[in-house]
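Protein chains: 2
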Amino acid sequence: MLTLCVRNVLSRRFFTFKTKRCTVTLLLQHSWRRCSTAQTETLDRVSMLLQLCVDRYYVSPGQTNVELFQRGLCCNYGPLGMELRRNLLDQWWHSVTKSRAQVFGINTLSGSRETAALGQGQLRIVEYEHLKQSVEQKELNKEQLIQEVHMLLQRSPSTRTNLLQGALEQFVPSLELVNRKLPFGLAETGLCFQPSEGSAEVTQTSLVWFCSPRTSSQWLDHWTRQRLKWWRKFALSPSSFSSSEVQQEELEEAASRGVRIIYDFPWGQEIVETLWSRGDAELLSIHKGARSKLQCRDGRKSVPHVVSITANMDRGVMAFLSNSLQQLKREDSKQKLHQRKVLKLHPVLAPIKVALNISRGATVELRQVCEGLLQEFLEAKISVWPGYLETLPTSMEQLNAKYDEMGVLFTIVIGENTLESGLLQVRNRDTTIKETMHISEIKNFLFRYISATDNI
Amino acid sequence: MLTLCVRNVLSRRFFTFKTKRCTVTLLLQHSWRRCSTAQTETLDRVSMLLQLCVDRYYVSPGQTNVELFQRGLCCNYGPLGMELRRNLLDQWWHSVTKSRAQVFGINTLSGSRETAALGQGQLRIVEYEHLKQSVEQKELNKEQLIQEVHMLLQRSPSTRTNLLQGALEQFVPSLELVNRKLPFGLAETGLCFQPSEGSAEVTQTSLVWFCSPRTSSQWLDHWTRQRLKWWRKFALSPSSFSSSEVQQEELEEAASRGVRIIYDFPWGQEIVETLWSRGDAELLSIHKGARSKLQCRDGRKSVPHVVSITANMDRGVMAFLSNSLQQLKREDSKQKLHQRKVLKLHPVLAPIKVALNISRGATVELRQVCEGLLQEFLEAKISVWPGYLETLPTSMEQLNAKYDEMGVLFTIVIGENTLESGLLQVRNRDTTIKETMHISEIKNFLFRYISATDNI
Numbered sequence: 001m002l003t004l005c006v007r008n009v010l011s012r013r014f015f016t017f018k019t020k021r022c023t024v025t026l027l028l029q030h031s032w033r034r035c036s037t038a039q040t041e042t043l044d045r046v047s048m049l050l051q052l053c054v055d056r057y058y059v060s061p062g063q064t065n066v067e068l069f070q071r072g073l074c075c076n077y078g079p080l081g082m083e084l085r086r087n088l089l090d091q092w093w094h095s096v097t098k099s100r101a102q103v104f105g106i107n108t109l110s111g112s113r114e115t116a117a118l119g120q121g122q123l124r125i126v127e128y129e130h131l132k133q134s135v136e137q138k139e140l141n142k143e144q145l146i147q148e149v150h151m152l153l154q155r156s157p158s159t160r161t162n163l164l165q166g167a168l169e170q171f172v173p174s175l176e177l178v179n180r181k182l183p184f185g186l187a188e189t190g191l192c193f194q195p196s197e198g199s200a201e202v203t204q205t206s207l208v209w210f211c212s213p214r215t216s217s218q219w220l221d222h223w224t225r226q227r228l229k230w231w232r233k234f235a236l237s238p239s240s241f242s243s244s245e246v247q248q249e250e251l252e253e254a255a256s257r258g259v260r261i262i263y264d265f266p267w268g269q270e271i272v273e274t275l276w277s278r279g280d281a282e283l284l285s286i287h288k289g290a291r292s293k294l295q296c297r298d299g300r301k302s303v304p305h306v307v308s309i310t311a312n313m314d315r316g317v318m319a320f321l322s323n324s325l326q327q328l329k330r331e332d333s334k335q336k337l338h339q340r341k342v343l344k345l346h347p348v349l350a351p352i353k354v355a356l357n358i359s360r361g362a363t364v365e366l367r368q369v370c371e372g373l374l375q376e377f378l379e380a381k382i383s384v385w386p387g388y389l390e391t392l393p394t395s396m397e398q399l400n401a402k403y404d405e406m407g408v409l410f411t412i413v414i415g416e417n418t419l420e421s422g423l424l425q426v427r428n429r430d431t432t433i434k435e436t437m438h439i440s441e442i443k444n445f446l447f448r449y450i451s452a453t454d455n456i
Numbered sequence: 001m002l003t004l005c006v007r008n009v010l011s012r013r014f015f016t017f018k019t020k021r022c023t024v025t026l027l028l029q030h031s032w033r034r035c036s037t038a039q040t041e042t043l044d045r046v047s048m049l050l051q052l053c054v055d056r057y058y059v060s061p062g063q064t065n066v067e068l069f070q071r072g073l074c075c076n077y078g079p080l081g082m083e084l085r086r087n088l089l090d091q092w093w094h095s096v097t098k099s100r101a102q103v104f105g106i107n108t109l110s111g112s113r114e115t116a117a118l119g120q121g122q123l124r125i126v127e128y129e130h131l132k133q134s135v136e137q138k139e140l141n142k143e144q145l146i147q148e149v150h151m152l153l154q155r156s157p158s159t160r161t162n163l164l165q166g167a168l169e170q171f172v173p174s175l176e177l178v179n180r181k182l183p184f185g186l187a188e189t190g191l192c193f194q195p196s197e198g199s200a201e202v203t204q205t206s207l208v209w210f211c212s213p214r215t216s217s218q219w220l221d222h223w224t225r226q227r228l229k230w231w232r233k234f235a236l237s238p239s240s241f242s243s244s245e246v247q248q249e250e251l252e253e254a255a256s257r258g259v260r261i262i263y264d265f266p267w268g269q270e271i272v273e274t275l276w277s278r279g280d281a282e283l284l285s286i287h288k289g290a291r292s293k294l295q296c297r298d299g300r301k302s303v304p305h306v307v308s309i310t311a312n313m314d315r316g317v318m319a320f321l322s323n324s325l326q327q328l329k330r331e332d333s334k335q336k337l338h339q340r341k342v343l344k345l346h347p348v349l350a351p352i353k354v355a356l357n358i359s360r361g362a363t364v365e366l367r368q369v370c371e372g373l374l375q376e377f378l379e380a381k382i383s384v385w386p387g388y389l390e391t392l393p394t395s396m397e398q399l400n401a402k403y404d405e406m407g408v409l410f411t412i413v414i415g416e417n418t419l420e421s422g423l424l425q426v427r428n429r430d431t432t433i434k435e436t437m438h439i440s441e442i443k444n445f446l447f448r449y450i451s452a453t454d455n456i
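These protein sequence lines are chains A and B, in that order.
When we follow the working numbering, the leftmost residue of the first sequence carries the number 1, and every step to the right adds one.
When we follow the working numbering, the leftmost residue of the second sequence carries the number 1, and every step to the right adds one.
Since the hints were made in silico from the structure, they are not lab data.
Incorrect hints may appear among the rest.
What the hints assert, rightly or not - Okay, derived cross-link-like pairs now, BS3-like style, lysine-lysine, Cα gap no bigger than 27 Å in a straight line:
no.	chain 1	residue 1	chain 2	residue 2
1	A	336	A	402
2	A	229	A	329
3	B	341	A	381
4	A	301	A	181
5	B	434	A	142
6	B	402	B	341
7	A	341	A	301
8	B	381	A	233
9	B	381	A	443
10	A	229	B	341
11	B	336	A	381
12	A	334	A	301
13	A	233	A	336
14	B	443	B	336
15	B	381	A	98
16	A	98	B	443
17	B	344	A	98
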């Protein structure tokens, strides 16, 4: 169980609690410094979610790491968290590139010497020893020393803080691809550094959409609808995702309009994606005002306007984990009441689709059946958990509880019976119903189940 | 055509040539400063390859960028290069995680404050303005200024130069996953920075394998066989990939054995992957010698040995592009002799599986057929090139030449005939044979073709 200890709630912004594997400190919203009962319940819920993420291999243990995770920043992910983010990025990629023929993937560098040489770029990668040696040169006076540091910074590459810059730079080489015809988009996912968060990392997705000036506002609306639909598609309670127009006074310098997609976390709202209608100023500035190079064939030879669509997929992972956690009361076989926790992640997002287990009386033959099935699943790219390798004795009930917390979609149990009849037992995470199925059918069954939920 | 100009060959290491879209400078091996005829031919071949990569959307134009690419570093990739690297990483992931149940994916941070605080880590991310302001403080004398820079560096996160460190740190939380049972592995792909290459970026793949001390040499051999097989599987001439044992005097400090997988580029051999048997020293050092935390159940309660398997996938992209480029002589319809260039990338690696085109007499109906097929392919995750959107008039011969250079596997032509009979023409890149096929069969045909080559 959790031990929640409210420590100096009024003066600090933290709650600390101990989990099996680590001590976690919760970051609270400013307004929460005085806790009501409802707020304490929410805290319980949040700390339970974080504990579950650590215990069930989504997030690596360690207070600093869990804090990064909760703040929607990139952290050390365990195997399940890593796979969840991978699935999420795949879905994003597929949805953005399949939506239209005119979306092209690109890959740009995360460090740039050109930006650095221009004196731009808030973060720089410097060589430790080199900088140390430079400032320790005995013959330099203070003025020269400052000069030396400046030069070194100027020559060090800057790291990107977003993916927009790279896409704007790639606009000209991409024009040939589309015969200068608008609209088209450049898609990219990658790590960006956040100067405002102490150089923390964030996994961003970016679609930069180039369109004719008169259609940019319509495209902003189009992409807002598309993106909101995408977030909601994978949510257990879709209404937790919403969109809101950015107020005039909060608009970024170059932007004429902005929309935010927001997720309602237990502790408050956070932005998961931002869409801006940015005009042509940045594009012109990056290409040094060379209008003729930028003009497109949309009837008027205009420089395109830019709509940028940027999401934070680390916060996305956190949002879907938070959204999918259900607490259910259930009775066990001895009629004791239990809290059942289930991570009801969408089937296409769930990092493990199926767990393979052996019922009591494990023999060499049963293990061989498992190995065979495991290979079959892996080759069909169905991610599988090798529960049969577990050597500690656990009851099926305990196993199911663990798999529910991991969000495993189906649990297969192979027993003596399977060797004779080829039949095995399949348990569904969401219905908890157990079905008997022939071993030859199981792969196709899983395949169909997952694809069906994908196409809703 | 290329304009090769040998400029100061004896004093510098560059060849410069002009392509349609940019000027490219070739980096030469040291021994090449005097060119024989054979070497000039190789240069021709290399410059042709680089030109093709730029012209056919694999690599973004620009001399610095193409140089990064040739040096096996991460560069700005165009849509096709991006997709090729993506396919390569997917294949790596699939091959490593499917090979055994005991391989788990992880994600670690690319920056670390802990490493930095220990005074380790060659590269640091610093805030430009912050560092600038710190050194410009008027009241500081030189000593204090040096102190200030030191402190700032100490507090700045260090960026990773490899993925090994992260995997070693994740060893302890991973032990629970496998019930302390050996062997198991942690897999990760990600960007690393190369201090030796001026902080350039490289896309690395890493499998860190933990095994009992007495089996580590066998595992090194096992993984060498597996990895060499993997590289060769996708190569047109598999013998260009080879492995070689690292000589005793070249061994890294902690390592007892090492093996390199090498690709034979036109300009010489380069390392694409390195396998080290590293013992337990690094694992012990990272976990501060806490043996009891690290011990595994392999009969003897020993601290595992580490086998690290690290590849450079940017160089991998370059290797497969270089390997798959074939020059063939062919006669055109007017019996003129042409050089035909084909990028015979392995079907699972080819970034575009199929191009969709309209034969002469494009109508609204034909375009609608194309749109329908495009959606069908995209939903089946078959990457498709929307050739029918091309508005410049091109002959089918020119189109085929272009698609061959892009490495497009199949070209579909939809004509008036298709509207009546449902039949379309499918051209195979490798055989150049054109088949007639019904529109309802094409998706399954492509699917089967690609899977068949995947399972060889």
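Results for each hint:
For the hint pairing residue 336 (chain A) with residue 402 (chain A), the CA-to-CA distance comes to about 18 Å; that is within 27 Å, so the pair holds. Annotation: proposed proximity of residue 229 (chain A) to residue 329 (chain A) is violated, straight-line Cα distance about 31 Å (limit 27 Å). Of the supplied pair hints, the one linking residue 341 (chain B) and residue 381 (chain A) is violated, its CA atoms being roughly 35 Å apart against a limit of 27 Å. Of the pairs offered as hints, the one joining residue 301 (chain A) and residue 181 (chain A) holds, with about 10 Å between alpha carbons and a cut-off of 27 Å not exceeded.
Under the criterion of a C-alpha separation no larger than 27 Å, the hint pairing residue 434 (chain B) with residue 142 (chain A) is inconsistent with the structure, at around 75 Å. Using a Cα cut-off of 27 Å, the hinted pair residue 402 (chain B) and residue 341 (chain B) holds, with the two alpha carbons roughly 9 Å apart. With a C-alpha separation of about 59 Å, the suggested pairing of residue 341 (chain A) with residue 301 (chain A) is violated against the 27 Å cut-off. Between the alpha carbons of residue 381 (chain B) and residue 233 (chain A) the distance comes to roughly 19 Å, so the proposed pair stays at or under 27 Å and holds.
Simply put, residue 381 (chain B) and residue 443 (chain A) have alpha-carbon atoms about 20 Å apart, close enough for the 27 Å limit, and the pair holds. Note on residue 229 (chain A) and residue 341 (chain B): the hinted pairing is violated, with a Cα-Cα distance of about 44 Å set against a maximum of 27 Å. Among the hinted pairs, residue 336 (chain B) with residue 381 (chain A) is inconsistent with the structure: their alpha-carbon atoms are about 48 Å apart, more than 27 Å. Annotation: proposed proximity of residue 334 (chain A) to residue 301 (chain A) is violated, straight-line Cα distance about 76 Å (limit 27 Å).
For the given pair, residue 233 (chain A) sits about 36 Å from residue 336 (chain A) by alpha-carbon distance, which is inconsistent with the 27 Å threshold. For the hint linking residue 443 (chain B) to residue 336 (chain B), the alpha-carbon distance of about 36 Å lies beyond 27 Å, and the restraint is violated. The hinted pair formed by residue 381 (chain B) and residue 98 (chain A) meets the criterion: a straight-line CA distance of about 8 Å does not exceed 27 Å. Between the alpha carbons of residue 98 (chain A) and residue 443 (chain B) the distance comes to roughly 16 Å, so the proposed pair stays at or under 27 Å and holds.
Straight-line distance between C-alpha atoms of residue 344 (chain B) and residue 98 (chain A) comes to about 25 Å, which keeps the hinted pair within the 27 Å bound.
Hints 2, 3, 5, 7, 10, 11, 12, 13, 14 from the list above are not met by this structure, while the remaining hints are.
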